[in-house]
Amino acid sequence: MHSFADGIHGLLLGEDGMFERLTPRAVAHAFFAISGCVSSGAVWAVTAPETLGTLPWHQILIGIALSLWGGITRTAERALEASKTARDDKAVVFYLWHELSRDLIVASGIGFLMFAIGSWQSWGVWLLGSALWLSGYLGTRLLAGLGNAAMSYLQRRAGSDTRQ
Amino acid sequence: MIPPAARPQTDRRQQVHRLLRFDLLVRWAILSTSTVTCLLAWFVPQSLTAVLLHNGGSVSDVVMLALTASVFIGYIDFIVNDILPDQFVFKIKCLKENRHLGYSLIGGMYMLQTFVSISATIGPEDFLPLGYVMNAFVCGWYSWTTAWRGWHV
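Protein chains in written order, with this note's numbering: chain Z, 1423 to 1586; chain G, 10 to 162.
Everything labelled a hint here was simulated from the structure, so no lab data went into it. Here a beta-carbon is modelled for each residue, glycine too, at the ideal position from N, C-alpha and C. Do not rely on the hints blindly, as some may be mistaken.
Claimed, not checked - A partial selection of chain Z residues facing chain G, derived with a Cβ cut-off under 10 Å:
1) G1485
2) T1497
3) L1502
4) A1504
5) S1505
6) A1508
7) Y1517
8) L1560
What the hints assert, rightly or not - Covered stretches of chain G (in silico footprint by chain Z; criterion: 3 or more residues with CB under 8 Å from a CB of chain Z, positions within the stretch not fixed):
9) 41 to 52
10) 55 to 69
11) 77 to 89
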């Protein structure tokens, strides 16, 4: 009969435990989620509204949509590139919903950060909206490239560690 | 009673006219509404659109110029790649292949105008941003679905 401590140990460190499933991609996604929570908490601390109802929720929803807009556009662009490659009879693997989810997560994380920076610097509404929109697209374009490079580096490191 | 004979498959009435393609109609609708937005912004200073776009400083000026340029390029694409006959050799391929980005840009600028103009409480003054967000929705719908399917390249 397993004890509670054994269960926790198995959950975290076992063969199929939590840390075994922590791929670099999952770590990157968790980073963006945590950074979003931290930045939104920072904005909350700075603005300190008396009630949630006083927040401009409609504008916040449109701001989220602005940020995600760039992510969806980037997914569509990559889907088109994949279909062009497939048209030339080359093997291509592109899972639309998987890639869309990834771009939405990246765009939302960058959008949170940009919103936090804009609130901190007291940007005007035009500048803040433009930054949200541009960061959604350029962030998925640039940061996803950096993330891929980092993941391939980690995978190379993991492969070399295994060989040793 | 004998039903009327079906028209043969070779009958031209069975085929969709090249000017009746759905994407052509959707693009025409988007360009039409965007043209009205641009004309209001440039030539009717008392309109809500012009007030919105002239009171935002340099950022809103850039948005107005970018929206006008996108609509202008959209019309060039519309005329050269779709309206002119197919045997016309002068086609602009790069405009056709990047069409989805242009319409996503137009939709994004409509969303940006919505973000700026929407108020904290919903009321009659929000009909303008409602129109903006509906235009943006159509732009995104067209842009993303055509790019995902990839049939226009």
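**Study point:** Hints violated by the structure (listed by number, smallest first)
**Key:** Hint check: 7, 8, 9, 11 fail, others pass.
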